[in-house]
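From first to last, the protein sequence lines stand for chains A and B.
Using the working numbering, read the first sequence as starting at 1 and increasing by one per residue.
Using the working numbering, read the second sequence as starting at 292 and increasing by one per residue.
The set of hints was computed from the structure by calculation and includes no laboratory data.
Keep in mind that a hint or two might mislead.
Pairs of lysine-lysine residues, derived as BS3-like cross-links and limited to a Cα-Cα distance of at most 27 Å, are as follows [stated by the list, open to error]: (1) K100/A - K465/B; (2) K132/A - K361/B; (3) K361/B - K8/A; (4) K132/A - K328/B; (5) K132/A - K366/B; (6) K40/A - K578/B; (7) K321/B - K100/A; (8) K8/A - K465/B; (9) K221/A - K426/B.
Keep in mind the model is a prediction, meaning the values are calculated, not measured.
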Amino acid sequence: MKHTQGEKLFYNLNYIFLLIIGLSCLLPIVHIFAMSLSDKHALMSGTVSFWPVDFSLDGYKALFKESPIVQDFTNSLIITVVGTFLNMVFTILAAYPLSKRYFIGRSFYSFAIIFTLIFSAGLIPTYLLVQKLGLINSYGALWLPGLITVYNLLVLRTFFEGLPEELEEASRIDGCSEWRLIIQIVLPLSLPVLAALTLFYGVGHWNAFVNVLIYINDSSKLNLAVLVQQMIQNQSLLQELTNTQPELAAAITPEGVKAAGIIVITLPMLIVYPFLQRFFVKGVLIGAVKG
Amino acid sequence: MSEANPSSTSAMINQKASPVKTKSNWLVRKYGKRVLKQNIPLYIMFVPVILFYLIFKYYPMTGLVIAFKKYSFIKGIWGSPWAGLDSFKMIFQTKQNFNIIWNTLKLSGLSIIIGFPIPIILALLLNEVRKLQIKRLVQTLVYLPHFLNWVIVGGIVVTVFSQSTGTLNHVIEKMFGESYPFLYKEFSWITIYLTSGVWKEAGWNAIIYLAALTAIDQSLYEAASIDGANRWQQTIRITLPAITPTIIILLILKIGHLMELGFDQVYVLQNNAVLEVSEVISTFIYKIGIQQANFSLATAMGLFESLVGLILVLSANRIARHFGQGLW
Chain A
1 MKHTQGEKLF YNLNYIFLLI IGLSCLLPIV HIFAMSLSDK HALMSGTVSF
51 WPVDFSLDGY KALFKESPIV QDFTNSLIIT VVGTFLNMVF TILAAYPLSK
101 RYFIGRSFYS FAIIFTLIFS AGLIPTYLLV QKLGLINSYG ALWLPGLITV
151 YNLLVLRTFF EGLPEELEEA SRIDGCSEWR LIIQIVLPLS LPVLAALTLF
201 YGVGHWNAFV NVLIYINDSS KLNLAVLVQQ MIQNQSLLQE LTNTQPELAA
251 AITPEGVKAA GIIVITLPML IVYPFLQRFF VKGVLIGAVK G
Chain B
292 MSEANPSSTS AMINQKASPV KTKSNWLVRK YGKRVLKQNI PLYIMFVPVI
342 LFYLIFKYYP MTGLVIAFKK YSFIKGIWGS PWAGLDSFKM IFQTKQNFNI
392 IWNTLKLSGL SIIIGFPIPI ILALLLNEVR KLQIKRLVQT LVYLPHFLNW
442 VIVGGIVVTV FSQSTGTLNH VIEKMFGESY PFLYKEFSWI TIYLTSGVWK
492 EAGWNAIIYL AALTAIDQSL YEAASIDGAN RWQQTIRITL PAITPTIIIL
542 LILKIGHLME LGFDQVYVLQ NNAVLEVSEV ISTFIYKIGI QQANFSLATA
592 MGLFESLVGL ILVLSANRIA RHFGQGLW
């Protein structure tokens, strides 16, 4: 197809515009990354842009020596791995029956579940329940109340509904039990959507902030998000460092340490992101097919 | 979501089966033996799910009564004395509390007005890209911020906009000799609040529109171009009407969540200087409920939030159904 002069101009401007938008999503992170690797004087004079100035690892040194970052990193991992596993088990348990036309009470349950999306008890009654169950200060408080996300459940149900019914009939005739059908046929066929949901739940747990703030008081059980937020809000880390290690304290600025903290929490995500990207886009699209 | 419909064949099997008199006889008569048998494994799977929803979603709704009580920690939910509508009076009669509701509506409304059209425009522009690599590259980049925590985004915002050490203020100081307190002035705070929201979610929200765009029948465009319509006319007459149902559904969902402004974004960007415009329902509930243990007032605020949300969804859906686009 031939394009007119005006169309060519539009296409080229569009490319430039979109590339600028795309870069604006990446550059702030690059900027923080450069800051985390720059020397104190460069940070204070504000000369760091997108490349480290006078390369220095002092920010990271201070972070790993004086803050519980290793412990909190481990906590974040435990919260994410166990939480995501529980999420996936429960979401499958809910989505499979709901995808079957012969499941008795199907529309009632669907309504009851979607209702929780538009009306919920809110923070305080949920908090009181968690407290009553003795889950304060335990990761159960992070995992249990959020076992199933309605949106993810709907995505998986829609996918299960789309699987060919003949497959199921054939397996039944061959004497396959319902459990075997699920484990050996349905789940392997659903790997792309399961990967997408795992990523959604995983990112959710890795990024958990409010719930940790609310339910976890024990400082040895906090996760990275809360640690980094505390670092951004106050300077106590630096003061502590001044008392114990004056040399290191003289070499860093709060900004450098904060930048290092932001990078530590962001990096694992940035590393898995390119590999999982095609899965999650597919996952969202499956959810979008039926509106 | 149609009701489980016993097929005619299973009904016939049921009639042939000898009528055994058991307690579950009416179940057998209603659904047929085969369907019942098929349901056994499904129910074994589903019971944990039912328990989850009863315990963690529906049981807490009974806790909402403390909005009408004078909650005392020792006496518990049911032992505490009734207080009638005292908590609600407190919400609507205290100027400060009323201000919080107003802030919630204002920030939320502005986020919708500014944040809602941008993903649509972004999707339309991406749809015009003919070079696949460029499209993929831009998409990868604009989805990225969605996966970052608000703590990280808040950290980035502080790094860039802080008065004494912010990157932007270093530049401004060099040019004008004086820094500007972006995060401590109400207008610039709201601007930063809205922009950071757009930055984080616009790309991600464009995905659904992109999906809707790929579903449009290409022959419509061919027909239109034969009739002499240019790209702009095609966009207005074909593309936009085709994605209107998607737009309306997403708008209903957004309006339904008007009252529940996310806690994280406000909390990480908030500071005492801009409390007047930045205190919203969710941060307020956290502060008076969790930090000060004033459970009755916090629950009342939460209940008010949920109820208004419910009314908003129902009315938005009603309006949409009027145009034939309802959610249900």
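Ascending list of hint numbers which this structure does not respect | 1, 3, 4, 6, 8, 9
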